[in-house]
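First to last, the sequence lines map onto chains A and B.
All residue numbers for the first sequence refer to numbering that gives the first Met the number 0, where the first residue is 0 and numbers rise by one.
All residue numbers for the second sequence refer to numbering that gives the first Met the number 0, where the first residue is 0 and numbers rise by one.
Treat the hints with care, as some may be off.
No more than 25 Å apart at the CA atoms, straight line, and that leaves these computed lysine to any residue pairs for SDA-like [to be verified]:
{"id": "1", "chain 1": "A", "residue 1": "Lys67", "chain 2": "B", "residue 2": "Gly567"}
{"id": "2", "chain 1": "B", "residue 1": "Lys294", "chain 2": "A", "residue 2": "His173"}
{"id": "3", "chain 1": "A", "residue 1": "Lys67", "chain 2": "B", "residue 2": "Glu385"}
{"id": "4", "chain 1": "B", "residue 1": "Lys294", "chain 2": "A", "residue 2": "Glu1"}
{"id": "5", "chain 1": "B", "residue 1": "Lys291", "chain 2": "A", "residue 2": "Gly137"}
{"id": "6", "chain 1": "A", "residue 1": "Lys139", "chain 2": "B", "residue 2": "Lys389"}
{"id": "7", "chain 1": "A", "residue 1": "Lys139", "chain 2": "B", "residue 2": "Lys291"}
{"id": "8", "chain 1": "A", "residue 1": "Lys107", "chain 2": "B", "residue 2": "Lys291"}
{"id": "9", "chain 1": "A", "residue 1": "Lys93", "chain 2": "B", "residue 2": "Asn1129"}
{"id": "10", "chain 1": "A", "residue 1": "Lys93", "chain 2": "B", "residue 2": "Tyr390"}
{"id": "11", "chain 1": "B", "residue 1": "Lys389", "chain 2": "A", "residue 2": "Ala162"}
Going by beta-carbon spacing under 8 Å, a handful of chain B positions derived as facing chain A [stated by the list, open to error]:
{"id": "12", "residue": "Pro293"}
{"id": "13", "residue": "Val295"}
{"id": "14", "residue": "Phe299"}
{"id": "15", "residue": "Asn303"}
{"id": "16", "residue": "Leu307"}
{"id": "17", "residue": "Tyr390"}
{"id": "18", "residue": "Ile393"}
{"id": "19", "residue": "Leu397"}
{"id": "20", "residue": "Gly549"}
{"id": "21", "residue": "Gly553"}
{"id": "22", "residue": "Leu554"}
{"id": "23", "residue": "Lys555"}
{"id": "24", "residue": "Ser562"}
{"id": "25", "residue": "Gln563"}
{"id": "26", "residue": "Gly567"}
These aren't lab readings, by the way, just hints derived from the structure by calculation.
Bear in mind that the values here come from a model prediction, so they are computed numbers and not experimental data.
Note that the Cβ used here is the ideal one computed from N, Cα and C, for glycine as well.
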Amino acid sequence: MELKIENLSKTYSNGVHALKDITLTIPQGMFGLLGPNGAGKSSLMRTMATLQQADSGTITMGDVDILKDTDKVREMLGYLPQEFGVYPKVTSYKMLDHIASLKGVSNKGERKQLVEALLNKTNLWHVRNKSLGTYSGGMKQRFGIAQALIGSPKLIIVDEPTAGLDPAERVRFHNLLSEIGENTIIILSTHIVEDVANLCKNMAIICLGEVVAQGNPTELIQGIHGKIWKKMIDKKELDGYKSNFQVISTHLKAGRTIIHVHSATRPDDTFEPSPANLEDVYFTEITTRLNEVTV
Amino acid sequence: MFTEIFLFELKYRLRRPATWAYFGILFVYALFLSIGGLDGGSEKVFLNAPASLASTLNVISIFGIMLASAIMGVPVYRDIEHGTQNYLFSYPISEKGYILGRFAGSMATLFVVSFGLILGFMIGYAIGPYAGYEPAERYASFNLWYYLQPSLIFYWSNFFFTGCIFFALVALTKRIMLAYAGGAILFIIYLVTLTLTQDIENKELVSLLDPFGFGALNNTIQYWTPEEQNTLTIPFKGTVLWNRILWLGIGVLIFIFTLFKFDFQRFLNKKLGSKKEGIDDNEVSSAAVFTKIPKVSQVFSGSNNFKLLFSLSWMEFRNITKDLFFKAILIAAVAFLFFDGWFGNPTYGTPMLPMTYYMLEIKDFTYVILIFILIVFMTGEVLHRERGVKYEQIYGALPLPNWVIYGSKFWALVFVCFILVNMILISGLLNQVLQGYFNFEFAMYFTDLYLIEFPKYITYVMLAFFIHALIAKKFLGHVITIAIWAGMFAINSLADIDYNMVLYGYAPGYTISDMNGFGHFLAAQNWFRLYWLGFGTILTVIGLLFWKRGTDSGLKSRWKEASQRFGGKAKIVMGLGALVWLGAGAYIYYNVSMVNSYKNVKEGRVLSANYEKELSKYNYINQPKFTDIKVDVDLVPEERNATMSGVFTMVNKGDEPIDSLHINWGYDQLLQTELLKLAVNDIDLKEGKVYEKFDYKIYKLPKRMMPGDTVIMKLALKRGYKGFPNEGSGSDIVYNGTFLNNGFFPSFGYNQQSELTSDKYRKEYDLVEKEYSVPPQDDKWGLSNLLFNDDADYVTFEGTVSTAPDQIAIMPGYLQKEWEDNGRKYYHYKMEGEMDYFFNVSSAKYDIYKEEWQGENGEKVAVEIFHHPSHNYNVERFAKAVRHSFDYFSENYGPYQYRQMRIIEFPRYQSFAQSFPNTVPYAESFGWTADFSDPEDLDYAYMVTSHEVAHQWWGHQITPSATRGANQISESMAEYSSLMVMKKEYGVDAMQDFLKRELDSYLRGRAGENKFEKTLLDNDTQGYVWYQKGGLVLYGLQDYIGEKNLNNGFKKFIDSAAFRPKAPFATSNEWYSYIKEVTPDSLQYYLEDSFEKITLYTNKVSEATFKKLENNTFEVQLTVESSKNYYDGNGKELGSPKRANLLDIGVFQNDTIIDGKTKKVPLILERKWMKPGTSTFTFITKKLPVKAGIDPYNKMIDRIPDDNVQDIEEQELSY
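Required output: the full structure, derived from the provided sequences and hints.
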């Protein structure tokens, strides 16, 4: 089963043109949606999660029309929003149990097993009887993924799940996601390239509401192979380089600035070739559209 | 620093839409009031008179508590809410600068917002004269000071005070709830306190402690005449001054305290007082890796959805009931309910037993307002609950159909409503048990609460869901819903739109009666509830369509979403709602507008005006007068109609021949009439000219009636009620408790009483101002007709009345026979001798209490009290009052003309007692269920009964002529007689309480006068003159000239005027002449002052001291001031005569309580001639003097009666 997005457009009432004619095909497995802040990732995610309407276009999953048949979609959906709150005075156990019953898990015994398994899986077992209001950011995020996994969803949408997590939490989170069965569509939106590089078989980059690249990360990297050059410069020289070359990123190393430049040929001798990675792909796409990116 | 924070705050607030929303609401509200004409008092008072402006601004500033809490609660809290506190407080700003700046900025915002009201008034009162809703002459020209002065001393100073409180509350506790709920709670506490303190003697202290200056203001202006209200601003002195200093001072102190107490460190701690629970998250279990998530089965069936609907509803319900705000408001609302019940239903300050109907009625005082607000807030809460904790995205993506989520919230509110109606039951029962009243009427509770009130609350919920679903912003939703509700109230009361079918949630008013239960009101209630539930269902479904699930609030996408949601189920439910709505609507319309004729207020006035324009040409035409009446009345209370046939002997008592009969049925009534027979001397009369609109028909007589001719008229008719009207009780014939009077039968000729009385409207319809309603004392027509009815002088009467088999029916006269026939009960009555044509027919299931009174000369009178079986609490009081009255009146005025006296209870659809010959019908709410256990409370059953019994002499023996002033003979004399019976019962030293009540009512009455105050000799409409002024003046007179002496004069009057067989009938001049005759020359000035003029005294003690003398006596030195002023009818001062007046001077010990009643204990009580100005008196007393004063019993009319007596201070002894 594939998720097909065709010609999806959305303009908000305040005039922001969030989605511009997006067409994407998302196969089963982990799919990364990469884009800078404000690119339209969350708009797209929320539209797929039945939380908002599109102006035009379609999204289908198998024979289910996601935009129209919202009840059907919700039955097979697991969703972790970018930002979410919880009832502060309820324990995670009770909350998961509650959500499970709302997700149609009506058998009490099954529900108990499920909730306990999820709590174990997300490492929340020891705090299951603590109220959610006392949870740290990482614990809350784990709770979020636990609730998204209830009822073996066919479509899992996780919006910027690792933002604000410490490195160890991030790893645990990645492990959790990667364990989910192969026959599930998992859409992960992020602005952290590494997440996608580590996890996703397929990906798309969106910027200013448009899909600017999509495909398999390896193929995408292959596309710019041999076109990335780097050079160590002084900070004050940066502007000059920017006006002459397509500087896709700048890094600091020991007080000096290293710039990456995208160019079909070696700009000059002072530049060294640099092995292309997914980050270069991302920045190459973005810098042609946005003015400046600094990492 | 301060300046920056201040300016930032102010600019920030002025950019917020909420600020301008508040401003706009106040502005529009003021426009409404000023253009629509908020009518408080007299028509003579300008709508924008300075006194009215002051009261309005004051009252609104009390409601402004809410505004102050909304504006002053947030400035500091905002930094917590938006998380800015984390960095803001790290900037180099000082705590004091921060607090001062935020405070001043917000306070400035509050003043700006509250200025909206003042601006609205200024503009509204300028537009008003041209808008045409109120006559232009009711608006005075603009005077800035009239706005500014009360704004400064009441309006803004109250905002300042409450603003300080809320600012301090939030700054010091960090709990925004305290501001939001605190506003409502403070307001409620204030209202409860007002109720609690209303009976406290020390009005000065109470009004000083009133934080809003409401009491101080009211005490100042309560007796102001229209003239004074139009020209004076509130004097900023005395209690008003001290009150303002006190409360503004407290506000400032609270703020200063906050300024010094506020501390960033404390404020930054997330929760004041409670430590954050730390959680250990180091434990990383390896179990996670090995855990497999089990496969589970998921059910998405309809039945599971219903299960979820139920469990979610229950959860929502639990969430609501756990909400602090909910609890706070509910507790306050129930407290209100309880206190309203606890303090009973006082009549003249005397409480009533906790009757079930009253326990139910109080829900409409304050409870319903709080409940509405609660419902609106809780609806907002449940519809935004997920959004509030940012859980809405997860929740919105769950596989729950919209109707389950939305429905669960709706049903939760319905459960809440069920709890709310039961609170009324609990509070009522609790009240009854605590007050020792155990007659629990559960059926009455359940009918009212479950059939009427519960559906009403549900319609509120439906409206709230509709608005809150459409308006996805919570606060705006609250504002709009409440504005709609208030708007309907405004439309209803200000714009005179009263058609209940167009005002959401409205239904005809209804009255529950012990005698008649819900009676004929219930059907209309049920239909209207059904009607609104149907409409509400449509609203609720529309709400479901537009309710925001998810994240997109754009108009276009919500519209798109709504059209997707409008599927089969939604259509079916909406269709059903529409069906119920239209079906019930059609039936209601049929009843209200087709079976009964509905007229809006304006149409009613136009009809009255046209009545006068078209028919007044028939005023004073000569018509025959009844001399003998024989009637058969068949009451059918079960169907609310009656058939009546009568044989009327009529004489032409006038000077001119009579050619036709003018039959006047009275226009615009709920009663529907069918004329069965109208014949004179057995010849059926034919309709001549007919004025259909006014039910006024002219019939030509078969033969011209010459002066002195006698004819027999036979009249048969059927009259009754059909269906239900838009409003109105239709209480003449009811299932149990029929009470109709001769107005049920037609009268002859034009009736002046049906004219428009308000000059405001008369001018609007080009009618001349109406100064008097009856002709002058020397008018020939007036002298030859009786005041109460011009269709007869005195008549003989006989009749039979039939009624339902379980009821007793009563008519004038002595019961001759009673029997049963055809399943109906029959009673035959016959009057002995003559009576004035003023009678009633009553029928109900009665118990009868009987006593007998025997007079000095052995005459016997049967005293019968017909009462509702469970209302036997005070029957002996009524009987005692009747006996005491007979004792006094027969001794002082002459014998009673009948052998029986019947007091008859009737349902509480009207509230009065009225004296018919040998019969006094008494409303159910008027004494029957009063709680007279505290002798300090006025025993009005005793007072009113003696008043009504006195009418047997003053009204039914001497029936006044239809001339100006003549009604004083009836009412002033009855009031005086009642005071005298009480004086005999309680003693002269207990009378001050009664006299002060009379004084208070008189002064209030004249302050609200719509035309001009009349004198005792020519007053023809003003109750406060003929009851209260008349009673006071005559009481004062008997005190001056002697009770016996005055009564002898009255007795002579009776001897001369009782049952006067022919004109001229008694006038006020005739009455006055008997009074003058018994009054010595030295006191004739008092008669002139009191009867011919409007005279007010200003008496007060300026100094009272004593010193102890050597022989164990006390020398009292008393300095008093006295002045006397004459006024014209508008309250304008005419002059202050310099001659001496005779006034009481008294020195007193402490009051004593005898048989539970407070009485004065005079050491000295002397009458002194005193010139206006200051007088000093010295007295020697044998006992320690405590109080002293001038006119201590308040016999004179004086606007500040409380300063007549003061405590005596002991003089400092100096050697």
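Hint check:
no., hint, verdict
1, A:Lys67 to B:Gly567, "holds, 15 Å"
2, B:Lys294 to A:His173, "holds, 22 Å"
3, A:Lys67 to B:Glu385, "holds, 23 Å"
4, B:Lys294 to A:Glu1, "holds, 22 Å"
5, B:Lys291 to A:Gly137, "holds, 21 Å"
6, A:Lys139 to B:Lys389, "holds, 13 Å"
7, A:Lys139 to B:Lys291, "holds, 21 Å"
8, A:Lys107 to B:Lys291, "holds, 19 Å"
9, A:Lys93 to B:Asn1129, "violated, 75 Å"
10, A:Lys93 to B:Tyr390, "holds, 15 Å"
11, B:Lys389 to A:Ala162, "holds, 17 Å"
12, Pro293, "holds, 5 Å"
13, Val295, "holds, 4 Å"
14, Phe299, "holds, 5 Å"
15, Asn303, "holds, 6 Å"
16, Leu307, "holds, 6 Å"
17, Tyr390, "holds, 5 Å"
18, Ile393, "holds, 6 Å"
19, Leu397, "holds, 5 Å"
20, Gly549, "holds, 3 Å"
21, Gly553, "holds, 3 Å"
22, Leu554, "holds, 6 Å"
23, Lys555, "holds, 7 Å"
24, Ser562, "violated, 11 Å"
25, Gln563, "holds, 7 Å"
26, Gly567, "violated, 13 Å"
Of the numbered hints stated above, those contradicted by the structure are hints 9, 24 and 26, listed in ascending order.
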